[in-house]
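Undergrad: FYI, in the working numbering the residues of the sequence shown are 2 to 88.
With a straight-line Cα cutoff of 27 Å, these simulated DSS-like cross-link-like pairs (lysine-lysine) come out:
1. Lys37 with Lys53
2. Lys64 with Lys54
3. Lys37 with Lys54
4. Lys72 with Lys61
5. Lys72 with Lys82
6. Lys69 with Lys53
7. Lys87 with Lys71
8. Lys69 with Lys54
9. Lys72 with Lys86
10. Lys82 with Lys71
11. Lys87 with Lys72
12. Lys72 with Lys62
13. Lys61 with Lys71
14. Lys53 with Lys64
15. Lys86 with Lys71
16. Lys69 with Lys82
17. Lys43 with Lys54
18. Lys54 with Lys71
19. Lys86 with Lys69
20. Lys43 with Lys53
Label pairs and their calculated CB-CB ranges:
21. Glu78 with Glu44: 48 to 54 Å
22. Glu66 with Lys86: 28 to 34 Å
23. Glu44 with Glu80: 52 to 58 Å
24. Lys71 with Arg45: 37 to 43 Å
25. Glu79 with Lys43: 50 to 56 Å
26. Gln55 with Lys82: 38 to 44 Å
27. Lys37 with Gln59: 30 to 36 Å
28. Lys54 with Leu77: 31 to 37 Å
Think of the hints as simulated: they come from the structure by calculation, not from any bench. Even for Gly, the Cβ is constructed at its ideal location relative to N, Cα and C.
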Amino acid sequence: MLSRVIKSSSASATASVRFFSTSRIALIESGSNIGKDSFHEKERAQENVYIKKQEEAQLKKLKEELEKQKKTIENLEEELKEHRKKN
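Construct all of the structure, not just a fragment, from the sequences and the given hints.
TA: Structure (structure tokens):
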């Protein structure tokens, strides 16, 4: 009988410790959601700024390449006109 009392008291103590630890974790998680949301918003904003800068750099590079291609086309058209004049 004494062993039953010890087993039941130790089981209830373990259950209460587990209950306390899980509720504590849940309390910590729910309490810090506000901070996490603002952190995620700030992180998202920083990522958007970084992406925008990268896209601007790519766009600038593409515009430069486009200008080079336009100049190449103009030069080829001039050569074609000169070639047609000769013939």
